[in-house]
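Visitor: Each chain is listed here by its residues.
Number of protein chains: 2
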Amino acid sequence: MTVKKRRMARTLRIGDVTVGGGAPVVVQSMTKTDTRDVAATVRQIRTLEDCGCEIVRIAVPDKEAAEALSSIKRGVHIPIIADIHFDHRLAIAAVGAGVDGLRINPGNISQKKHIAAIVRAAKPRGIPIRIGVNAGSLPKSADGGASLPERMVEAALQQIRLLESMDFDLIKVSLKAFDVPSTIEAYQFMARKTLYPLHLGITEAGLPRAGIIRSAVGIGVLLHQGIGDTIRVSLTGDPEEEVVAAYEILKSLNLRERGPTLLSCPTCGRCEVDLVSLAKAVEDRLSTIDRSIKVAVMGCVVNGPGEARSADVGIACGKGRGAIFRKGEVVRTVEEKDFLEVLMEEVVKI
Amino acid sequence: MTVKKRRMARTLRIGDVTVGGGAPVVVQSMTKTDTRDVAATVRQIRTLEDCGCEIVRIAVPDKEAAEALSSIKRGVHIPIIADIHFDHRLAIAAVGAGVDGLRINPGNISQKKHIAAIVRAAKPRGIPIRIGVNAGSLPKSADGGASLPERMVEAALQQIRLLESMDFDLIKVSLKAFDVPSTIEAYQFMARKTLYPLHLGITEAGLPRAGIIRSAVGIGVLLHQGIGDTIRVSLTGDPEEEVVAAYEILKSLNLRERGPTLLSCPTCGRCEVDLVSLAKAVEDRLSTIDRSIKVAVMGCVVNGPGEARSADVGIACGKGRGAIFRKGEVVRTVEEKDFLEVLMEEVVKI
Chain A
1 MTVKKRRMAR TLRIGDVTVG GGAPVVVQSM TKTDTRDVAA TVRQIRTLED
51 CGCEIVRIAV PDKEAAEALS SIKRGVHIPI IADIHFDHRL AIAAVGAGVD
101 GLRINPGNIS QKKHIAAIVR AAKPRGIPIR IGVNAGSLPK SADGGASLPE
151 RMVEAALQQI RLLESMDFDL IKVSLKAFDV PSTIEAYQFM ARKTLYPLHL
201 GITEAGLPRA GIIRSAVGIG VLLHQGIGDT IRVSLTGDPE EEVVAAYEIL
251 KSLNLRERGP TLLSCPTCGR CEVDLVSLAK AVEDRLSTID RSIKVAVMGC
301 VVNGPGEARS ADVGIACGKG RGAIFRKGEV VRTVEEKDFL EVLMEEVVKI
Chain B
1 MTVKKRRMAR TLRIGDVTVG GGAPVVVQSM TKTDTRDVAA TVRQIRTLED
51 CGCEIVRIAV PDKEAAEALS SIKRGVHIPI IADIHFDHRL AIAAVGAGVD
101 GLRINPGNIS QKKHIAAIVR AAKPRGIPIR IGVNAGSLPK SADGGASLPE
151 RMVEAALQQI RLLESMDFDL IKVSLKAFDV PSTIEAYQFM ARKTLYPLHL
201 GITEAGLPRA GIIRSAVGIG VLLHQGIGDT IRVSLTGDPE EEVVAAYEIL
251 KSLNLRERGP TLLSCPTCGR CEVDLVSLAK AVEDRLSTID RSIKVAVMGC
301 VVNGPGEARS ADVGIACGKG RGAIFRKGEV VRTVEEKDFL EVLMEEVVKI
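Top to bottom, those sequences are chains A and B. Per this note's numbering, the first sequence starts with residue 1, numbered consecutively. Per this note's numbering, the second sequence starts with residue 1, numbered consecutively.
None of these hints come from the bench; they were simulated from the model. Incorrect hints may have been included.
[Unchecked claim] With a straight-line cut-off of 20 Å between C-alpha atoms, the simulated PhoX-like cross-links for lysine-lysine are: (1) Lys63(B) to Lys319(A); (2) Lys251(A) to Lys4(A); (3) Lys73(A) to Lys112(A); (4) Lys113(B) to Lys73(B); (5) Lys4(B) to Lys319(B); (6) Lys319(B) to Lys63(A).
Construct the complete structure from the given sequences, taking the supplied hints into account.
Guide: Dropping the structure here:
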């Protein structure tokens with residue numbers, strides 16, 4: 001079972017990645033290195049590629065950063081998006097450097113002549129533009145909206161109209177706020193008002209623990225409603241954590257597969273083995289496996305056999321002994337000292 | 001802004017805690033100690049109380065565990081719920097030991113005479129019973145349901161009818177599965193079919209990282225729809241982590257307040273200070289503060305001033321200097337070495 005029917009957005013190509021039109025939800029992140037440091041930025045993007053990042057965004061605060069983009073582009077495999085604020089000339093320079101997409105912020109680039117100059121650069125090359133609205137930098141022109149979600153949507157719609165008036169429609173939209181219900185409402189409005197693909201995110205979500213939870217709730221609610229074509233989890237921390245969290249959100253709704261899934265019980269006073277250590281050891285060993293496989297580590301007879309049976313491979317532990325399941329059948333009964341090895345043997349067989 | 005109108009469930013009292021009827025969503029956890037070890041179990045519950053846990057569930061696997069409950073009850077302040085499987089006599093013993101609630105599993109206690117015996121013990125004392133359905137232990141009698149959510153709901157409805165036929169209505173219901181969309185659908189069905197309070201959770205969600213995300217998505221989607229009166233995040237790990245995660249989920253939807261909220265930017269190539277270290281240091285210092293206060297730690301001028309202004313206290317950093325905001329106004333400009341101390345001074349003033 002997965003989410004309800006997905007909203008059918010228009011299709012965009014960012015480099016060789018398809019966003020929208022029913023394509024799998026794309027995972028993005030953003031570099032945190034100094035963009036002018038080409039080696040460090042390329043290194044970070046390659047690490048992100050290894051984690052499954054499919055598009056990466058790079059801040060372009062000045063001309064030197066824009067110039068670094070072409071070298072960065074040559075060193076990486078995934079499409080890159082230039083993140084532009086304040087100065088439209090940096091967007092034009094980024095397009096010249098060969099980026100695959102642009103993000104501009106209506107809160108700080110909104111003059112018609114500036115947008116027109118960006119479109120003149122992007123359109124002939126088929127470079128999509130994300131209209132990236134942030135609650136922290138809304139344009140004055142959107143003040144008419146009564147609520148924060150309305151002001152965010154209004155800011156995006158003003159820029160959509162401007163781009164459309166220039167016959168440009170390679171558009172993606174994001175509407176990010178820290179407040180999760182406001183963000184959800186903004187995207188819901190926007191999903192009804194346009195067919196453009198939506199990039200989801202909760203902004204300034206904080207350090208990993210709280211930031212992951214805010215992002216999972218906000219992005220999760222929208223994805224479950226069929227809204228969202230690409231996601232970025234914003235965390236004050238390593239960008240790899242953003243990618244790992246993004247996949248976990250998508251996996252939880254059965255929207256993407258990536259690597260093994262560990263199902264393990266929380267343990268309770270009924271558990272007679274050291275299940276936490278076993279689960280951690282299994283997770284460790286599974287981290288070297290790429291296949292989407294479901295492994296269950298269960299501590300007692302209440303849900304143990306049922307859940308172990310439903311996984312590809314599972315163990316239901318009792319006192320000192322455990323039953324190993326493969327594809328729904330008990331294949332072996334083992335002693336506690338052999339739990340990990342025998343379970344992993346069965347995983348490898350699959 | 002918060003979630004849409006909450007489903008108005010009937011009101012239950014678990015000890016001195018109200019569940020349902022529009023009361024704040026209650027946070028639960030479960031002990032992981034050996035229940036027969038009274039000292040360890042009391043110690044764990046007291047730690048949970050310190051984290052804000054409002055109800056705690058305790059496994060009662062045997063007679064000795066049931067007998068330990070009265071001593072445990074005397075050592076703690078929050079209501080305790082006995083988790084009963086297989087043997088209805090343990091439920092009766094737990095009621096005798098003074099527990100505030102029972103959880104029974106229709107997958108392993110379903111005979112009418114056994115349920116009747118439990119009701120005879122619980123009813124005169126006003127002890128509520130949770131019908132706790134788990135996908136891993138569904139009763140055969142629910143096999144008629146076409147889908148997993150339908151089978152889970154059917155299992156609960158059968159037991160609801162049985163309890164109602166005995167004129168017992170102090171009922172709570174949970175419908176937990178590992179599959180998040182199935183769990184959501186089961187609760188949605190149930191929310192339409194009954195007025196009883198719902199206890200939300202994703203079961204066997206795994207180790208903290210993945211388990212927290214699965215729980216945040218599943219519980220978050222339901223809470224956002226107004227469904228859910230009490231929640232438990234199930235993690236293979238320390239129960240305190242479950243409580244902390246539960247509050248973060250509730251805070252993200254503005255359903256509960258608990259302690260400070262840190263809003264911090266993910267940093268990017270535009271950031272010219274060590275924002276991650278600053279954010280971590282601020283989080284550390286905030287952990288000693290109980291008040292619900294919103295603190296923003298922002299790395300640049302794009303969203304920095306906007307977000308810092310919207311928080312109770314905030315800092316928007318630039319190169320080597322930062323502007324400190326209090327209640328929307330810049331109160332000071334400080335050098336990087338003073339960021340933490342000055343920010344915390346302003347926090348303390350509030």
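Visitor: Determine which of the earlier numbered hints do not hold for this structure and return their numbers in increasing order.
Guide: Of the numbered hints, 3, 4 and 5 do not hold.
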